[in-house]
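Undergrad: One letter stands for each residue in the lines below.
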Amino acid sequence: MLKWWPNSFQKLDNTIIHIKTNEIAKKFGLTQGAFSKVLRPYVEKRKNLAVQQHEHVVIDDQQFVFDIAHLPEYVDQGFFSGMVSSRLRIP
Amino acid sequence: MPKVEIQEQGFYGLDASTDMIAESGFAILLSDPAMVVSYHAEGKENAISLPAGTLKKDDFFRLSKLTRNIKIDGLSGVIDELDAELPMAEAGRFLTEQGLRVEVREDGSVDESGDDPQAPVYIDFLDYYVRGLTYKLIRQPETKRSKKFVEMVAEFLSKTRQYDHPH
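These protein sequence lines are chains A and B, in that order. With our numbering applied, the first sequence closes on residue 91, and no number is skipped along the way. With our numbering applied, the second sequence closes on residue 258, and no number is skipped along the way.
So that you can see chain A by itself, here it is in the shape it has in the complex (with noise of 0.2 Å):
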C-alpha cells in the first residue's frame, strides 16, 4: 500500500509547538489560551484522522492497512451511497 506520510519526517518538540502557538496569538492580539481555543478542534480532528489511519485489520496472519480516503476496489459504492441517502431521506 502506497503510504502517504513519510515516518522519518522531523518533528518539532514540545517546547518549540508552545513557543509558536505564543507567537502566533500575540501577532493576532490574542492570549495563548484564546488561540489555543481556536486550535483545539483542528488538533482533535486531526489526532482522530491519525487513529484511523493507524487502524489496521490481520486476517490469516496478515496484516492489512486500509486508506481510510479511498474505499478498496471490491467495495460497492453504489450500495453505501444509497445507504446514506435513504438515511438522510434524500430523493
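Note that these hints are calculated values from the structure, not bench results. Incorrect hints may have been included.
Here are the computed lysine-lysine pairs in the DSSO-like style, where the Cα-Cα straight-line distance is at most 30 Å [as the list claims (entries may be wrong)]:
id	chain 1	residue 1	chain 2	residue 2
1	A	47	B	156
2	A	45	B	148
3	A	37	B	156
4	B	250	A	27
We have chain A; now place chain B onto it with these hints.
TA: Chain B alone, transformed into the frame defined by chain A:
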C-alpha cells in the same frame, strides 16, 4: 536549461534541476516557469516552479525524495484581494504540512552578518504566513476577517507534522 512547455507535468524544471538540488541540498521554488529559465541561466540550476495544474501527491513525493529543504523566491503576500490564498502560498503551506522545511526569501533584505554580505535572508514559511495575514488585518481591520485568518493559521498549525501525535 529547461524549455518552457505549458504541458509539462509536475514541478516545472525538476528534471533539469535534479543534480543541482542533490548537490546544494535545497530547491528554489518560483511561481513562474519563465523565471526558472533565467535562474538556470544564472547558474541557479536548483530552481523549479509550480506545476501548471494542481499540486499532486506524486509531485510532492518526487520532490521530497530529492530534498526536504525548499526556498521560495518571489512570494509577495499570502492572500489576494478576495482573501483567497495565492497559489505559491498554498503550495508553501502544503509542503510545510507534509514536513518539508520551507523558507521564504525576504525581498530587499541581505544577511550582513554572514560570510557573504549579499546573501539573501530567508524566513520560516509559517512565520511568513502569519505575518502576511496579520499585515492584511492591520491595513484592513475587520472582526470577521480576523476570525477567518486566525482559523486559517490554526488549521495550518494543526496539520504540521508536530501535531500528528501530540503527547
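Undergrad: Taking the hints in turn, state whether each one holds.
TA: So, going through the hints one by one against the coordinates:
no.	hint	verdict
1	A:47 - B:156	26 Å, holds
2	A:45 - B:148	21 Å, holds
3	A:37 - B:156	36 Å, violated
4	B:250 - A:27	20 Å, holds
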